[in-house]
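Asker: Take the sequence shown: its letter number 125 is residue 125 in the UniProt record's numbering, and every next letter is one higher.
There may be inaccurate statements among the hints.
[Claimed, not checked] The list that follows gives simulated cross-link-like pairs (lysine to aspartate or glutamate, DMTMM-like), each with its CA atoms no further than 20 Å apart:
#1 Lys219 <-> Asp370
#2 Lys113 <-> Asp100
#3 Lys214 <-> Asp262
#4 Lys438 <-> Asp506
#5 Lys438 <-> Glu527
[Stated by the list, open to error] What follows is a set of in silico ranges between Cβ atoms, one per label pair, in the way DEER data are often shown:
#6 Phe524 <-> Tyr267: 41 to 49 Å
#7 Ile242 <-> Ala454: 42 to 50 Å
#8 Asp370 <-> Arg477: 13 to 21 Å
#9 Tyr267 <-> Asp370: 43 to 51 Å
#10 Ser354 <-> Lys377: 23 to 31 Å
#11 Val511 <-> Asp370: 32 to 40 Å
#12 His440 <-> Glu257: 20 to 28 Å
#13 Gly518 <-> Ser470: 46 to 54 Å
#14 Thr98 <-> Val516: 47 to 55 Å
#15 Val516 <-> Gln382: 55 to 63 Å
#16 Arg114 <-> Ser354: 52 to 60 Å
Since the hints were made in silico from the structure, they are not lab data. For every residue, glycine included, the Cβ atom is placed at its ideal position computed from N, Cα and C.
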Amino acid sequence: MPFRNPSPRLLDSESTSNPIARLISESSANGTSRSSLDLLSNNSDETLASEYAPQLQSRFLQPRPSHLRNGSRPGGREPLRGPETIMMGYAQVMGSFTLDGSLVNQAPFEEVKRKGVVGGHGGGGVVGVERTKRESGLFGALGWNSIGESLGGILGTGELSSIKEMRGIAGSKSIPLVTTPHSILFVDLRLAPGESKSYTYSFALPRGLPPSHKGRAMKVSYHLTIGTQRASKGKDQQLRSIDVPFRVFGSVTPRGEILGHDLMSPYILLRDIAKTALISNANSRPKKPPDSKASTEFMNYINLLLEEHRQSTSGLLSPTYPGAGGVGSTRRHSSVAEEPRTMKESIDLAILRSNQRSSEGGKSMSNKFDIARSGLKVATLQFPRPSYRLGETIHLVIDFREAKIPTYAVQVVLETSENVDEAIVMRSAGSIYRYTRKVHADLAENALFAQRLAFSLLVPANATPEFVTSGVSLEWRVRVEFVTPRLTADRVDERFEELLEEVARDEKRGVTFQGVEGLKVETFQVEVPVRVYGAVVGGRGEWDVEGLAV
1 MPFRNPSPRL LDSESTSNPI ARLISESSAN GTSRSSLDLL SNNSDETLAS EYAPQLQSRF
61 LQPRPSHLRN GSRPGGREPL RGPETIMMGY AQVMGSFTLD GSLVNQAPFE EVKRKGVVGG
121 HGGGGVVGVE RTKRESGLFG ALGWNSIGES LGGILGTGEL SSIKEMRGIA GSKSIPLVTT
181 PHSILFVDLR LAPGESKSYT YSFALPRGLP PSHKGRAMKV SYHLTIGTQR ASKGKDQQLR
241 SIDVPFRVFG SVTPRGEILG HDLMSPYILL RDIAKTALIS NANSRPKKPP DSKASTEFMN
301 YINLLLEEHR QSTSGLLSPT YPGAGGVGST RRHSSVAEEP RTMKESIDLA ILRSNQRSSE
361 GGKSMSNKFD IARSGLKVAT LQFPRPSYRL GETIHLVIDF REAKIPTYAV QVVLETSENV
421 DEAIVMRSAG SIYRYTRKVH ADLAENALFA QRLAFSLLVP ANATPEFVTS GVSLEWRVRV
481 EFVTPRLTAD RVDERFEELL EEVARDEKRG VTFQGVEGLK VETFQVEVPV RVYGAVVGGR
541 GEWDVEGLAV
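Based on the provided sequences and hints, a complete structural model is requested.
Answerer: This is the structure we're talking about:
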């Protein structure tokens, strides 16, 4: 079939609507037959001379041909992101507590809130509040007003934006415990695409602060605030911050006594004493150093126990024996008597001393409690030790072998309750106890014809250890409830009711008994205080680092 050229009108309309059709038509008009691969070649002048702009406009209107290649169309790449500039970054530690207004009088703590406002103003100011911009000064002359205002707000050189804001801070429910000024981590940080930098922040908390607590009368919380600000205009320049909560376990003395805290005297630090540093390698984390003294101290403790056992079992010792006051004995006692270096060592030493013999009185601390009712012995409670850590198990043994009054049932409860000082309490002591009481473990056993009963009470690892403050304190106790027969006022030594009654008697089959349907009983309870320290069993050491994705 002979080839016929298209009409000029059809050629114009096709070229206007579709550039590919115009290319094919012009090539056909010149009488040169070309394939589609030759037409779309990168060496063709007809595809690159004047078709770049029309192709960009028509590619949204026409469907994309299947034979187009991705590499032959320019402008398809996304623009590369430039470096990121962060004007500054800071970190701050804050701790506060709240009180239940129905249980505790909050009026005496209004002055403490004002201390927190003044301290927060002097230590770090109010960050992120719009202020009047000033064009004077060094930063104003150089056009760096944003940097000057940011650093001024962080360092506390500005004033509160309004009286309304001050009233809002003073009217909040949270009462400060500790407030630190903003510690600058970096200034004018420039990061390339894919680049990251890590910083360390360390701050030693003041001794005596109460532990983190979520109670009824009082709640205590601590958090670390981390803030950054970009070097850009508009909303991107606003200060952005996050609050990372952390847990505090409380403080103890080197002798193991729990330190108290005065709620009316918060720690408002105006001088930055925190330590910040840049980590050269972000992927490298501090490794736990080898503990060379752990095995030595453990062996010294074992030798001390063996020595005490030899002294208690043998009558007289030779003066040349090392355990009789020689050099070896002095070294062992000095390793135990030396002052602890950390809070954990103080707690471990306090628990160890609670079961050792007292050097002053020469008597061991008794963990046995004889329970009597109307002068008659009911049972004997035996605890292995009086002090425990979070996550440990409290073992209790109840001995009925020398009891004068039988026990029908026993219930053992591990509980905590908050005590409110009489100066600020709003209710009676009984109401405070019932409202703030929290049960951590509850066990019950049948004690009929029992000689001994054993109980195991687990101290939760997420519980709050014992603490003492000037207004609210927390106590741990083991409450034991006994169910015994009722005693009359006339004769307490009368014979108690039999638990079995005769049903039938047969000379061949014997006598048949069954349990009585009812008994006249009474209940009474005793409370044994225990000390729970703020150290978690099996917890991570101070050198273990845990990442937190924000």
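Asker: Could you run down the list of hints and mark each one as holding or not?
Answerer: Right, here's what the structure says about each hint:
no.	hint	in the structure
1	Lys219 <-> Asp370	violated, 37 Å
2	Lys113 <-> Asp100	holds, 16 Å
3	Lys214 <-> Asp262	holds, 19 Å
4	Lys438 <-> Asp506	violated, 55 Å
5	Lys438 <-> Glu527	holds, 15 Å
6	Phe524 <-> Tyr267: 41 to 49 Å	holds, 45 Å
7	Ile242 <-> Ala454: 42 to 50 Å	holds, 49 Å
8	Asp370 <-> Arg477: 13 to 21 Å	holds, 18 Å
9	Tyr267 <-> Asp370: 43 to 51 Å	holds, 46 Å
10	Ser354 <-> Lys377: 23 to 31 Å	holds, 26 Å
11	Val511 <-> Asp370: 32 to 40 Å	holds, 37 Å
12	His440 <-> Glu257: 20 to 28 Å	holds, 23 Å
13	Gly518 <-> Ser470: 46 to 54 Å	holds, 51 Å
14	Thr98 <-> Val516: 47 to 55 Å	holds, 54 Å
15	Val516 <-> Gln382: 55 to 63 Å	violated, 31 Å
16	Arg114 <-> Ser354: 52 to 60 Å	violated, 43 Å
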